[in-house]
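Participant: The chain contents come next:
Number of protein chains: 2
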Amino acid sequence: MADLDFIRKLIIPADTKIVFLVMDGVGGLPIEEGGPTELEAARTPNLDALAAKSICGFTTPISPGITPGSGPGHLAMFGYDPCRYVIGRGVLEALGIDFDLQPQDVAGRGNFCTVDAQGRVIDRRAGRISTEKCIELTALLRERIKLPGVELFIEPVKEHRFVLVLRGEGLAGDLTESDPQQLGVPPLPIRPVEDAPQPQASQKTADLVNQFVAQAQQVLQDQYPANMVLLRGLDKRPAIPSMKEVFGLRAAAIAVYPMYRGLAKLVGMAALPSGTSLADEFDALEKAWPDYDFFYLHFKYTDSRGEDGNFQAKVAMIEEFDSYIPRVMALKPDVVVVTGDHSTPSLLRAHSWHPVPTMLYSRYCRCDEARAYNERACARGALGNILAVDLMPLALANALRLTKFGA
Amino acid sequence: MADLDFIRKLIIPADTKIVFLVMDGVGGLPIEEGGPTELEAARTPNLDALAAKSICGFTTPISPGITPGSGPGHLAMFGYDPCRYVIGRGVLEALGIDFDLQPQDVAGRGNFCTVDAQGRVIDRRAGRISTEKCIELTALLRERIKLPGVELFIEPVKEHRFVLVLRGEGLAGDLTESDPQQLGVPPLPIRPVEDAPQPQASQKTADLVNQFVAQAQQVLQDQYPANMVLLRGLDKRPAIPSMKEVFGLRAAAIAVYPMYRGLAKLVGMAALPSGTSLADEFDALEKAWPDYDFFYLHFKYTDSRGEDGNFQAKVAMIEEFDSYIPRVMALKPDVVVVTGDHSTPSLLRAHSWHPVPTMLYSRYCRCDEARAYNERACARGALGNILAVDLMPLALANALRLTKFGA
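As they're listed, the protein sequences go chains A and B.
Numbering-wise (my numbering), the first sequence opens with residue 37 and increments by one.
Numbering-wise (my numbering), the second sequence opens with residue 37 and increments by one.
Hints in this document: simulated from the structure, not taken from any laboratory.
Among the clues, some could well be false.
Heads up, the list lumps identical chains together, so a pair's fine if it works in one copy or across two of them.
When the alpha-carbon atoms are kept at most 25 Å apart in a straight line, the in silico DSS-like pairs for lysine-lysine are as follows [as the list claims (entries may be wrong)]:
| hint | residue 1 | residue 2 |
| --- | --- | --- |
| 1 | Lys280 | Lys182 |
| 2 | Lys440 | Lys336 |
| 3 | Lys194 | Lys301 |
| 4 | Lys45 | Lys440 |
| 5 | Lys194 | Lys440 |
| 6 | Lys301 | Lys440 |
| 7 | Lys45 | Lys280 |
Predicted model, so just to flag it, every value in this text is computed and none were measured.
Chain A extracted, bound-state conformation:
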C-alpha cells in the first residue's frame, strides 16, 4: 500500500476521466455446492464484453478474512487506508440521514431502551418502538434538554434508533459507550477512551454527554418502554484529505442512499442529485460528465437482496445494472472500474470477507484471458488479488495521472 503523501507527490495533471461503477456487496457464493454464484447465474452480456477488454481479478477490502462495514469498504475503494481513517458509528448514522455534519461536531448513535425501577437495562431496544414514536420522543428530548455552551441535535433514524450531535467549541470524540451490552446492569457513564489524543476536550465532551443522559432519563421517565437512552460511537468525522488534495481529482458521487453520498463527501466528493432509480443515476452521470474527472456511481440493491438472502433477486439486480453499461461506454471514459465495496453472499445474508470481483478497463490495462465478470472468471485474470486501497493508484496510472517515482 502506497501512502497518500507518496501518491500526492506523483500526481500530474491530465485530461482523462475515471468511472468507478460500484455494485454494493456484489461478490457472492454458490447457494449449492458446485453451483453458480449470483454473478455467474446472472446474464450479463455487457459486463462480460467489458471484461474481455479489461484486466480482471479481485480486491480485498481490508485483509484476508476481514469483513468490512460500509465505511471501511468505501474508504479502501476510494484509496484511503481504512484502518487509519476510522469512521465512528455516530458519524456513519448521521451521514445515513443526510445530516450536514461539520468537522467540529461530535456525533453518537443512540438507542431508546428500557430500564427497571433500579435503573438497570432490561431491553436494549425498548421493544423496537415504532419510527413514529421515535420521532415523537426525539422531538420531546429536543424541546426539553439544554446543555451549556453547545448546540444540540437529536434526530430520529428508524424504530428505536436516533442520532445525537453536539456542536460547539473545544469538543472531542474518542469516548466510551454507555451501552453495557448486557441486561440487568445500569448504563455505563461515558468517559474518554484510555489513549484519547485530546484527553481534556474528550473529558469536557463526556461530561456534557453524561448531562444529556441524565436529563434524558428525567424527560423519559413516564415513556415506558422507551424510558432511557444508550449511546455508542461518539466521535468526530475523521480528518481525511480530499480527493482533490491527494489525487488532484474533481470527484463526484452518484448515489441514491444518503449514507453513500455522505461517505463520498467525507473524502471531498461533490454529491450530485441522483434521483431514486438506476436510470436516474446514469442520467446524472451523463449530465455531469463534462464537469468532473472522477465519478463514483453506487448501486445499493445488490447488497440489499444479498442481505435478504434472496439469491434470485440479487441476480436480477446484477442483470439490471448490466443493462446500463453501454451508456457508460458511450461516454468514452478513459478508465472504468467495476467493483463492489465488499461481498454480500445471499448464502450468508450479510457482508462477508470474500475478495470482490473487480475489473479495470483502459487503453493501457493489459487485458487478460478473463472473458466474463464473475468469481470464476476473475480467478483467471491478470490483476490477481490486490488490496482495495491500491485500486485508486492503479486507476490513476491507467488515466496517465501519475508520474514516475525516482530517477
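Position chain B against the provided structure of chain A, taking the given hints into account.
Facilitator: Just chain B now, kept in the frame of chain A:
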C-alpha cells in the same frame, strides 16, 4: 515484505549459485486491442522451455499503479525497499558516467542554461549545446572555480548536462534545487530541505553550492547561450548495507551501461568488465562463474527500443536475449530468475506501472502450468503477483540459503 534484518538472521551458507537475468523494461502491452505484447510476439524457444520448468508470475516493482525509475526498480529487484533507500538524481547521474562516488561525496545533476541580462532563466537547457561544448565548459569551470575546504569535481555528461561532486568533511545532502522549473524567473538559492536530518551540515553544503553557482555565473558570463547553471538532486549516496552483509552473497554485476554497474555497486556488488555486447556479457558470466554466488546480468536494449516506441525492434531484442539462455543453463545454476526492473511498453514509449513478467527456475521451484515467458502465460503461473522486493528472499530460499524462522 520481510525487512533486511529479518532476512539477515536467517541466512545460512550454501555452495549454490543464483543468476538474475534482467531484461530492462521487458514487460509490455499489445499495440492493438487483443493483439500480442512484445514478449508474446517474440519467438523465444529457450525462454519458453525454461518457463516450463519454472514458477511463473509477476513482480510489482513498488506497489500497484506506481511507475519506478531505474533506481527504485533495481533496488527492489535486489531485495532493498525502494521507498526506504532513495537515490538522488545527482547520484544516479554520477553512477551513469562511472564516477567513483565515495560515501561522503555530495553529487548534483547540473544543466547549463541561458539567463537574460536580469539573470532570469530563458532556456533551461541552453539550447541543448553540443557534448563537445559541454566538455569545454566543464573544463573551464574546473579550472576557474575554487571552494574553500572541499575538493570539486565537475564532469561532463551529454549535451547540456553535467555532474557536480563536492568531496570533503562534514557535508550533507537533503538540499533543494536551484532549477525554478519555469522560465522568466532567476535560479533559486539552494537550501536544506525542511526535514533535513543534519541541518547544519546541509546548510554548510548549501552555502558551498551557492558559492559554486555564483562563481560559475562569473566564469560563464560570455558563454551565451550557456551562461548559467542549474542544479538538481544534490545528495549523498544512500547508506545501503551490502548484499554480502545482508544476504551473505558474493555478488557480481554484468552490465554494459555505467549506470547499472553503479546501481549494483551501491549494494556492494563487484562490477565486472562486461564489454559492449550481449555476447560479451555472457562471456563475462562464464569467466567469473567460479568466483561469485550471485550474478546480475543486465540487458539495456529491451528498454531502449520500448522507449523508442519501436515494438518490432523490442521484439528483436527479446529474441536476441533468448538465444543466450542455453549458455546460462549449461553452467548448471541452482537458481535462475528472468525478470525486468519495470515494464516499458512500446505503446507508452516510457517506463510504466505494469507488473513485470517474472519466472524463477530451481530444482525446488514448484513449477506450474505456464509454458511460456510472457504476460498471458505468467497470468496462469503459480507465483502470482508478488512485490519485486520479495524476489530476492525467494531466490535465496530456492538456493537453500535461508533457514527456518522460529522453532
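Participant: Take the hints in turn and mark each one as holding or not.
Facilitator: Verification of the supplied hints:
| no. | hint | verdict |
| --- | --- | --- |
| 1 | Lys280 / Lys182 | neither (39 Å within a copy, 48 Å between copies) |
| 2 | Lys440 / Lys336 | between (37 Å within a copy, 19 Å between copies) |
| 3 | Lys194 / Lys301 | within (23 Å within a copy, 50 Å between copies) |
| 4 | Lys45 / Lys440 | within (10 Å within a copy, 34 Å between copies) |
| 5 | Lys194 / Lys440 | between (50 Å within a copy, 22 Å between copies) |
| 6 | Lys301 / Lys440 | between (30 Å within a copy, 23 Å between copies) |
| 7 | Lys45 / Lys280 | within (13 Å within a copy, 34 Å between copies) |
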